[in-house]
Amino acid sequence: MIRVAKSAASLGVFILLWAAFVQFSGVPNYLVPSPLAVGTTLWQVISDGSIFKHIFTTVFTAGVGYLIGAGVGLLIGSLLAEFSIADKLIRPYLVGLQSIPKVALAPLLIVWFGYGLEGKIVLVVLMTFFPVFVNTVAGLHTANKELIDLYRASSASRLRIFSEVKLPTAASAVFAGLEVAVVLALIGTIVAEFVSAKAGLGYLVQVSSTNYDVPMMFAAITILAMLGIASSKLLRFAHMRLVFWEGPRRNNDY
Amino acid sequence: MTAASKPNVLPTPDGVQSSIRMDDVSLVYKSGRGNVEALADLSLDLKEGEFLSVLGPSGCGKSTILKILSGLLPVTKGKVLIDGAELKGPRGDIGIVFQQPTLLAWQTNLQNVLMPVRASKRPTASDRERALKLLELVGLEEFANHYPYELSGGMQQRVGIARGLINDPRVLLMDEPFAALDAMSRETMTTELQQIWMATNRSVVFITHSIPEAVFLSNRVVTLSGRPGRVVDDLTIDLPFPRTIDTMSTQPFNEYCHHLRALFQAKEKRQQP
Ligand SMILES: Nc1ncnc2c1ncn2[C@@H]1O[C@H](COP(=O)(O)OP(=O)(O)OP(=O)(O)O)[C@@H](O)[C@H]1O
Ligand SMILES: [Mg+2]
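Protein chains in written order, with numbering that gives the first Met the number 0: chain A, 0 to 253; chain B, 0 to 272.
One or more of the hints may lead you astray.
If you want the footprint, here are the derived chain A segments under chain B, 3+ residues with CB under 8 Å [as the list claims (entries may be wrong)]:
(1) 146 to 154
(2) 184 to 191
Stretch-level coverage of chain B by chain A, calculated; a stretch enters the list once three of its residues show a Cβ under 8 Å from a Cβ in chain A [claimed, not checked]:
(3) 38 to 52
(4) 114 to 122
(5) 201 to 209
Some chain B residues well away from chain A (every beta-carbon gap over 12 Å; in silico) [what the hints assert, rightly or not]:
(6) Arg32
(7) Glu140
(8) Pro147
(9) Glu149
(10) Gly163
(11) Leu172
(12) Asp174
(13) Glu191
(14) Gln194
(15) Thr243
(16) Glu254
FYI, nobody ran anything at the bench for these hints, they're computed from the structure.
Where a beta carbon is used, it is the ideal one built from N, C-alpha and C, also for glycine.
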């Protein structure tokens with residue numbers, strides 16, 4: 000409760016400062032709108048329902064891309080960590096792909112996949128894949144060697160060693176990757192929507208920009224910020240819940 | 000293991016049944032930077048129910064012996080016989096306790112004790128019961144459903160010992176199990192290990208760097224040379240069980256310790272040019 004009150008207070012102070020800045024700095028309103036103007040715009044698009052199409056499109060694109068990208072990252076990461084042949088065969092290509100700034104591919108993907116959601120999702124997949132992949136491989140390699148020896152001495156199968164030792168060991172690192180990826184998923188979606196879209200928050204920012212509708216841009220950006228914060232918080236919550244044994248006060252000295 | 004399933008138990012030279020035996024074992028670690036000979040023509044036998052300690056300078060191959068006995072490391076030369084049958088790989092009926100507790104942080108202490116069972120089958124109610132009994136044996140029954148991070152280092156190590164005993168192993172292999180503990184817990188754990196050993200009647204191979212600990216716990220103390228490891232001394236500790244802190248101040252106890260210390264002293268002198 001106190002934490003919520005603190006956040007609310009800090010947000011209130013920020014909005015007051017913003018309002019004061021707009022009022023007294025002399026920066027024209029069409030460049031930096033007042034919080035009231037942004038709030039009014041937000042209220043308008045929410046009450047007439049026109050914003051939800053954009054929110055849904057962006058969340059859908061980012062969400063589907065994220066799920067695929069993170070899933071494939073986890074899968075390929077596991078494969079490469081577990082089988083050195085796979086590592087030798089696939090890794091060079093991945094390293095090459097990794098060095099490309101993925102947003103540069105957005106226009107190309109539009110050419111290949113058209114103006115629908117597919118190209119955008121592919122971009123998000125490419126962006127979210129790498130942090131999850133890299134962290135999965137690194138995390139799996141940190142599994143305790145003696146623990147693995149113990150399993151092998153009990154004639155445990157490779158799959159059991161993977162699921163009971165390696166995967167839980169990697170869990171924290173994987174979550175760190177997932178947290179990075181969730182931000183990248185939003186970035187990827189917005190960039191793709193800048194390039195070509197008929198809906199989505201990125202499209203809304205783009206269109207408002209051509210119309211000099213700065214309050215609308217601010218409203219869209221505010222919603223994007225809230226989406227980013229909400230998804231990060233959700234992930235951190237899942238992380239704490241699932242990787243419960245790695246809390247700050249845990250006696251993990253073994 | 001029933002008596003019927005081990006028909007050809009080899010007699011040792013002195014006629015006593017030997018359950019675990021290493022015959023002229025050599026082990027060479029092969030690596031890109033050249034070969035390391037860790038053990039050379041090492042012979043060792045362990046009688047049923049015996050507590051055997053292994054002493055030796057650091058790097059002489061003590062942990063290597065345990066890796067071989069656990070079936071994880073094939074020997075380069077020689078043979079390892081368990082109940083007369085040659086050891087070819089992991090058997091699943093050998094308990095291992097490491098220097099670190101090496102528990103699964105994400106599983107309860109009870110689940111940790113059951114880990115070796117789970118490796119080959121789904122634990123039954125009787126397995127669970129046995130695990131609880133073992134936790135009771137090491138004094139942790141009330142922590143069965145707690146997680147390892149809720150225990151101290153010594154308690155975690157006791158979970159490790161219970162886990163080592165879950166499959167009713169032919170032999171319990173312990174690699175410096177108390178080295179990471181503070182001096183006080185180390186003394187309590189030593190006495191407790193003796194009680195556990197006497198209660199379970201299992202054979203134990205115990206690696207340590209502490210001479211009093213070895214003498215206190217063992218029927219026999221084997222001392223190895225520096226790398227490659229060979230047996231240089233095989234000392235039978237003829238003191239009645241159970242041994243207590245009083246045992247430690249007796250004349251024979253100190254003579255055994257002195258004898259072993261002298262071995263290490265002599266070795267160090269020899270190494271100086
Ligand atoms: N996987 C390996 N590859 C190459 N050499 C190894 C390997 N494991 C151990 N060795 C070498 O074999 C020798 C014996 O190692 P081992 O771990 O058995 O010694 P130890 O007696 O247990 O030593 P300590 O008392 O320090 O634990 C050492 O010289 C070590 O460098
Ligand atoms: Mg060692």
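Now the hints, each set against the structure:
1. Taking a C-beta to C-beta cut-off of 8 Å, the region 146 to 154 of chain A contributes 8 residues in contact with chain B, enough for the three needed, and the coverage statement holds.
2. Residues of the region 184 to 191 of chain A with a Cβ under 8 Å from some Cβ of chain B number 0, which does not satisfy the need for three, so the listed coverage is violated.
3. Taking a C-beta to C-beta cut-off of 8 Å, the region 38 to 52 of chain B contributes 0 residues in contact with chain A, too few for the three needed, and the coverage statement is violated.
4. With 5 residues carrying a beta carbon less than 8 Å from a beta carbon of chain A, the region 114 to 122 of chain B meets the three-residue requirement, and the given coverage holds.
5. Counting residues of the region 201 to 209 of chain B whose beta carbon lies closer than 8 Å to any beta carbon of chain A gives 0, which falls short of the minimum of three for the stated coverage.
6. With 12 Å as the threshold on Cβ separation, the claim that arginine 32 of chain B sits away from chain A holds: the shortest Cβ distance comes to roughly 20 Å.
7. The beta carbon of glutamate 140 of chain B is kept farther than 12 Å from every beta carbon of chain A, the shortest such distance being approximately 20 Å.
8. Its beta-carbon lying about 7 Å from the closest one in chain A, proline 147 of chain B breaks the requirement of being farther than 12 Å from that chain.
9. With a least beta-carbon separation of about 7 Å from chain A, glutamate 149 of chain B fails to lie farther than 12 Å from that chain, contradicting its non-interface assignment.
10. Here glycine 163 of chain B does not stay apart from chain A, with its beta-carbon only about 9 Å from theirs, under the 12 Å limit.
11. Interface exclusion of leucine 172 of chain B from chain A breaks down, the closest Cβ pair being 9 Å apart, not more than 12 Å.
12. With a least beta-carbon separation of about 9 Å from chain A, aspartate 174 of chain B fails to lie farther than 12 Å from that chain, contradicting its non-interface assignment.
13. Consistency note on glutamate 191 of chain B: stated as away from chain A, and its beta-carbon is indeed over 12 Å from all of that chain's, at 19 Å minimum.
14. At the 12 Å boundary, the C-beta of glutamine 194 of chain B stays outside the reach of chain A, the nearest C-beta of that chain being 24 Å off.
15. Every beta carbon of chain A lies more than 12 Å from that of threonine 243 of chain B, the smallest distance being close to 30 Å; the non-interface claim holds.
16. Distance to chain A confirms glutamate 254 of chain B as a non-interface residue, since its nearest Cβ pair spans about 36 Å, more than 12 Å.
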